[in-house]
Amino acid sequence: MPAPSEVSLRINGELHVLRLEPRVSLLDALRERLQLTGTKKGCNQGACGACTVLADGERILSCLALAVQYEGAEITTIEGLADPLQDAFVEHDGFQCGYCTPGQICSAVGMMREFRDGSPSAVTGDGEMSFSEEEIKERMSGNLCRCGAYVGICAAIQEVFAR
Amino acid sequence: MKDFGYSRAGTVAEAVQLFGAHRNSKILGGGTNLVDLMRESIEHPDLLIDVTRLGSEGIKELPDGGVSIDAAVKNSAVAAHPLIRERYPVLSQAILFGASGQIRNMATTGGNLMQRTRCYYFYDETSRCNKRTPGAGCDAIGGFNRIHAILGTSEQCIATHPSDMCVALVALDVEVHVVGPGGERTILFDDFHCLPGDSPHVETTLKPDELITSISLPGLPFAKHSKYRIVRDRASYAFALVSVAAALEVEDGVIRNVRLALGGVAHKPWRAFHAEEVLSGSEASEERFRLAAEAELASAQGYRDNSFKIELAKRTMVGVLSELAETAVAQ
Numbered sequence: 000m001p002a003p004s005e006v007s008l009r010i011n012g013e014l015h016v017l018r019l020e021p022r023v024s025l026l027d028a029l030r031e032r033l034q035l036t037g038t039k040k041g042c043n044q045g046a047c048g049a050c051t052v053l054a055d056g057e058r059i060l061s062c063l064a065l066a067v068q069y070e071g072a073e074i075t076t077i078e079g080l081a082d083p084l085q086d087a088f089v090e091h092d093g094f095q096c097g098y099c100t101p102g103q104i105c106s107a108v109g110m111m112r113e114f115r116d117g118s119p120s121a122v123t124g125d126g127e128m129s130f131s132e133e134e135i136k137e138r139m140s141g142n143l144c145r146c147g148a149y150v151g152i153c154a155a156i157q158e159v160f161a162r
Numbered sequence: 000m001k002d003f004g005y006s007r008a009g010t011v012a013e014a015v016q017l018f019g020a021h022r023n024s025k026i027l028g029g030g031t032n033l034v035d036l037m038r039e040s041i042e043h044p045d046l047l048i049d050v051t052r053l054g055s056e057g058i059k060e061l062p063d064g065g066v067s068i069d070a071a072v073k074n075s076a077v078a079a080h081p082l083i084r085e086r087y088p089v090l091s092q093a094i095l096f097g098a099s100g101q102i103r104n105m106a107t108t109g110g111n112l113m114q115r116t117r118c119y120y121f122y123d124e125t126s127r128c129n130k131r132t133p134g135a136g137c138d139a140i141g142g143f144n145r146i147h148a149i150l151g152t153s154e155q156c157i158a159t160h161p162s163d164m165c166v167a168l169v170a171l172d173v174e175v176h177v178v179g180p181g182g183e184r185t186i187l188f189d190d191f192h193c194l195p196g197d198s199p200h201v202e203t204t205l206k207p208d209e210l211i212t213s214i215s216l217p218g219l220p221f222a223k224h225s226k227y228r229i230v231r232d233r234a235s236y237a238f239a240l241v242s243v244a245a246a247l248e249v250e251d252g253v254i255r256n257v258r259l260a261l262g263g264v265a266h267k268p269w270r271a272f273h274a275e276e277v278l279s280g281s282e283a284s285e286e287r288f289r290l291a292a293e294a295e296l297a298s299a300q301g302y303r304d305n306s307f308k309i310e311l312a313k314r315t316m317v318g319v320l321s322e323l324a325e326t327a328v329a330q
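If you read the sequences in order, they're chains A and B.
Under numbering that gives the first Met the number 0, the first residue of the first sequence is numbered 0, with each subsequent residue one higher.
Under numbering that gives the first Met the number 0, the first residue of the second sequence is numbered 0, with each subsequent residue one higher.
Bear in mind the hints are in silico, worked out from the structure with no lab data behind them.
Derived lysine-lysine pairs resembling DSS-like cross-links, with alpha carbons at most 27 Å apart:
no. : chain 1 : residue 1 : chain 2 : residue 2
1   : B       : K223      : B       : K59
2   : B       : K1        : A       : K40
3   : B       : K206      : B       : K1
4   : B       : K1        : B       : K25
5   : A       : K136      : B       : K226
6   : B       : K206      : B       : K25
Derived DEER-like restraints, expressed as beta-carbon distance ranges:
no. : chain 1 : residue 1 : chain 2 : residue 2 : range
7   : A       : M128      : B       : G141      : 45 to 51 Å
8   : A       : E5        : B       : R233      : 39 to 45 Å
9   : A       : R112      : B       : E286      : 45 to 51 Å
10  : B       : D197      : A       : G71       : 42 to 48 Å
11  : A       : E127      : B       : E285      : 29 to 35 Å
12  : A       : M128      : B       : L61       : 24 to 30 Å
13  : B       : R127      : A       : E127      : 49 to 55 Å
Counterexamples of contact, computed for chain B against chain A with all Cβ distances above 10 Å:
no. : residue
14  : A12
15  : Y119
16  : G142
17  : G151
18  : H176
19  : H273
For glycine and all other residues, C-beta sits at the position ideal for the given N, C-alpha and C.
Make the full structure from the sequences, and use the hints.
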């Protein structure tokens, strides 16, 4: 069977060289090999968004990403973020148990960048884009929160975007 | 997950060579479907060939006013591209209604075409499924089949193709460009995916050693007046119960051009040829739209839990066509 090979990953600005089998997901590499346990394993099948990280600034699901495929990419996890969203989530009660929160915040950071770049969503019409609650809900629909803190999550994102 | 090898192809030629040389290999795009299926032991390749860094990941304008999209271009990039938004809004919308922001940032154009047609019995190891094990039987027929197909089904399989993007692509007469050891060829989109028949495990007409290099959208000026509508159980991030992709050109109340396709109803993205035939050259009226929808669904067959899809598909077709016809008059 294929032996583990050296995989170089840039994570939160630091280069890590790991010996990994190709089947190791980016999520498992982060959590099990690098002890970066801020990124959470929820469903491990791309349905819940808890494992969301940024790859070259774009939000992706680290559970469906093979680590080896992300060689050369700049990966940012919740540990590498210092974003006003983190305070805003606290201020607006954007969580209860907190398990989905790192994924929510990484997703929101990527989502706000997509919006500022002019990328449309399914609810964007032909006119000028406005950062409405409807847009936030649609664009964040890949991040589930079983505690149901959506109202606070939306408020936190809206406040930070308006700053 | 079973262990496997990984090779990153640097060129199309290298990908073709690797793919031809390794019998049990698979092409890796964004991995959003394949990695999941490998984790579920449904797919078990010995080698993955990564084709996301071939140095050809662009969207280009074609001389006929069409657009070419390389296989490795991400779904999010296609949906946001000005050429797509302006000339084929139905495609941009269809992509944005599919999956989530994160998945669209990973999933590739070629990978979207190659995702498996599937249902929950396909995922469930304790159920019989002719896709997983040819000849085993199908527990969806006679089981809980609310999300299943109503058109083009067989006694072997009633799963639906999950893609939204592909519904727009089949409506737009897209061509799929593929390459293998025998050279390049082009497959018309409607011929790319298969109905289940007696071999539901075969889902495309791609040969085992061929891979997709790009797709091309033909120049269709009237496609700028097009729309995608999806009806589903949640407002976002859910597969279609029924979806409709449509492009319509009306002149003096008469339909000059129409393209129509349905999602969520069949094993493949369903081009509504019968409806198009009824509509072509006829008056753009709600009565006529209803006749066209009836014609398309004439052969539909409902199962225990999904008969509602037949009327839902008709109403959604009429709704989308009426909306397009109204805005055509307003322009």
